[in-house]
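Trainee: Chains as they are written, first to last, in this note's numbering: chain Y, 1 to 245; chain E, 1 to 245.
If you're looking for bench data, these hints aren't it; they were derived computationally from the structure. The structure presented is a predicted model; accordingly, all values stated were derived computationally and were not measured. Every residue, glycine too, gets a C-beta built ideally from N, C-alpha and C. Where hints are given, some of them may not hold.
[Stated by the list, open to error] Cβ-to-Cβ under 8 Å is the rule here; a few derived chain Y residues that face chain E:
{"id": "1", "residue": "PHE48"}
{"id": "2", "residue": "LEU50"}
{"id": "3", "residue": "GLY157"}
{"id": "4", "residue": "ALA159"}
{"id": "5", "residue": "ALA161"}
There are 2 protein chains.
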Amino acid sequence: MARNLARILGGCGSLVPFMKTPACPPRNSSSIPPARTLVMLFSKSRDFSLPNSSWGEEMMRLYEFYNGQSDVETEGEENQGREWKRLPSYNRSLKYATGGVYLSKIIQSKARLFTRNIREPGAAFEYVLFINKEKERCVCVFQAGHLLEGPPGHVHGGAIATMIDTVTGTHASAISAPVMTANLNIDYRSPIPLGSTVLIESTLEKTEGRKLYISCKVTSTDGSKRHTDATALFVSISVAHLLKG
Amino acid sequence: MARNLARILGGCGSLVPFMKTPACPPRNSSSIPPARTLVMLFSKSRDFSLPNSSWGEEMMRLYEFYNGQSDVETEGEENQGREWKRLPSYNRSLKYATGGVYLSKIIQSKARLFTRNIREPGAAFEYVLFINKEKERCVCVFQAGHLLEGPPGHVHGGAIATMIDTVTGTHASAISAPVMTANLNIDYRSPIPLGSTVLIESTLEKTEGRKLYISCKVTSTDGSKRHTDATALFVSISVAHLLKG
Numbered sequence: 001m002a003r004n005l006a007r008i009l010g011g012c013g014s015l016v017p018f019m020k021t022p023a024c025p026p027r028n029s030s031s032i033p034p035a036r037t038l039v040m041l042f043s044k045s046r047d048f049s050l051p052n053s054s055w056g057e058e059m060m061r062l063y064e065f066y067n068g069q070s071d072v073e074t075e076g077e078e079n080q081g082r083e084w085k086r087l088p089s090y091n092r093s094l095k096y097a098t099g100g101v102y103l104s105k106i107i108q109s110k111a112r113l114f115t116r117n118i119r120e121p122g123a124a125f126e127y128v129l130f131i132n133k134e135k136e137r138c139v140c141v142f143q144a145g146h147l148l149e150g151p152p153g154h155v156h157g158g159a160i161a162t163m164i165d166t167v168t169g170t171h172a173s174a175i176s177a178p179v180m181t182a183n184l185n186i187d188y189r190s191p192i193p194l195g196s197t198v199l200i201e202s203t204l205e206k207t208e209g210r211k212l213y214i215s216c217k218v219t220s221t222d223g224s225k226r227h228t229d230a231t232a233l234f235v236s237i238s239v240a241h242l243l244k245g
Numbered sequence: 001m002a003r004n005l006a007r008i009l010g011g012c013g014s015l016v017p018f019m020k021t022p023a024c025p026p027r028n029s030s031s032i033p034p035a036r037t038l039v040m041l042f043s044k045s046r047d048f049s050l051p052n053s054s055w056g057e058e059m060m061r062l063y064e065f066y067n068g069q070s071d072v073e074t075e076g077e078e079n080q081g082r083e084w085k086r087l088p089s090y091n092r093s094l095k096y097a098t099g100g101v102y103l104s105k106i107i108q109s110k111a112r113l114f115t116r117n118i119r120e121p122g123a124a125f126e127y128v129l130f131i132n133k134e135k136e137r138c139v140c141v142f143q144a145g146h147l148l149e150g151p152p153g154h155v156h157g158g159a160i161a162t163m164i165d166t167v168t169g170t171h172a173s174a175i176s177a178p179v180m181t182a183n184l185n186i187d188y189r190s191p192i193p194l195g196s197t198v199l200i201e202s203t204l205e206k207t208e209g210r211k212l213y214i215s216c217k218v219t220s221t222d223g224s225k226r227h228t229d230a231t232a233l234f235v236s237i238s239v240a241h242l243l244k245g
């Protein structure tokens, strides 16, 4: 398995362009990396949900607020019992990347996660998600960049839908992975100015068999302005379902 | 007015990077372009709904099918009475660009229309819209690029929502501009593989005062596979509404 993976990989740059350089073995290395090394390569991909220079004051304030109440992941140690946990975010769907049917497709492909496909910090979607321990709530701090325009000076309705799908979908996946979006119902109440930071809150309403019903709201960071309300329905699936298309 | 515009503009490159070079006056020109010239600059922006080298066979076939049934816009001439009309697509919301309150904001801003913010042809949203003469139907041929990924190998639910908002919103605008999205309700039935071409059809169901009710479906190009169903509600607004935020 490791040998086949190494042949497909042919150097890690093509797969994970945002990977930190020290994690990438030299191209001319004669040793074939074992499967464990490959897993490590994936885990060293850039985590886009960490602060960068484009994050404004409000984005940083809210990140620090929730991060201060979050467990820090440390291998082999127990959770510190805090209320929240920050969720990392990469520019691929990496859940199948450590094995399984999609591995070769992922390695060969130039595909990038829609919300993380722009390299310039701050230009598009800047966001970080926190999930609470009991997994009944998820909160996302979202800063909308200048490439997300719809109505002049305001965020595109599709970009808002994208963030709602991302937050509620990540929430559903944390409860019952993998899932697919079955329905999104979005009420747009007040436009979001480009450049502003908003809060997106996702709440699990109920589960019925393979179905997860989630509600979601987008508000100003002080909660005084309701921008968007939404409900989302997700269905747990098998990987075979996705293969069928 | 023209003098102020010229000062804000300071060279057209920052505003319309996709503009054809011959339309852009030299930076060191001592003459201040009159308002008419500025209008011309906007009208010479790149039209993204024309074929490029990334368009696959299916995209080109359907473009030619609808384009062959469309009127060609020629100044001062009457419509040829054909069934469809192709709608151009730029990388800004240009409707306020020839005057009005948003002019200086647009000129100074780096903002780009969400669906047209990637320079590499074929990497993200490739699409062309046609509207029928009575404006009760709109059809969009959409080719999904590799930067739109959600589930591995498939289009992100948010990218599909973005195209539905774009097609139904463009349709609503053609009937009653300007409009804002009030509701999107989307049923995801079958995932769309990255790289594939699909048809998005928008139908006006009814109008009630300032409200426009539109239905939408996303299918395979032969109509045999239903990927997505949606309804959309738009509300006619005044520009003052958008200014209030």
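Trainee: The structure should be examined with respect to each hint, and the outcome stated for every one.
Mentor: Verification of the hints:
1. PHE48: Since chain E brings no Cβ nearer than about 14 Å to PHE48(Y), farther than 8 Å, the hint is violated.
2. LEU50: Hint on LEU50(Y): violated, closest Cβ of chain E at ~21 Å, above 8 Å.
3. GLY157: GLY157(Y) check passes; min Cβ-Cβ to chain E is 4 Å, inside 8 Å.
4. ALA159: Cβ of ALA159(Y) sits 5 Å from chain E, so the hint holds.
5. ALA161: The hint holds - ALA161(Y) has a Cβ within 8 Å of chain E, the shortest such distance being about 4 Å.
Consistency note: the structure conflicts with the earlier hints numbered 1, 2.
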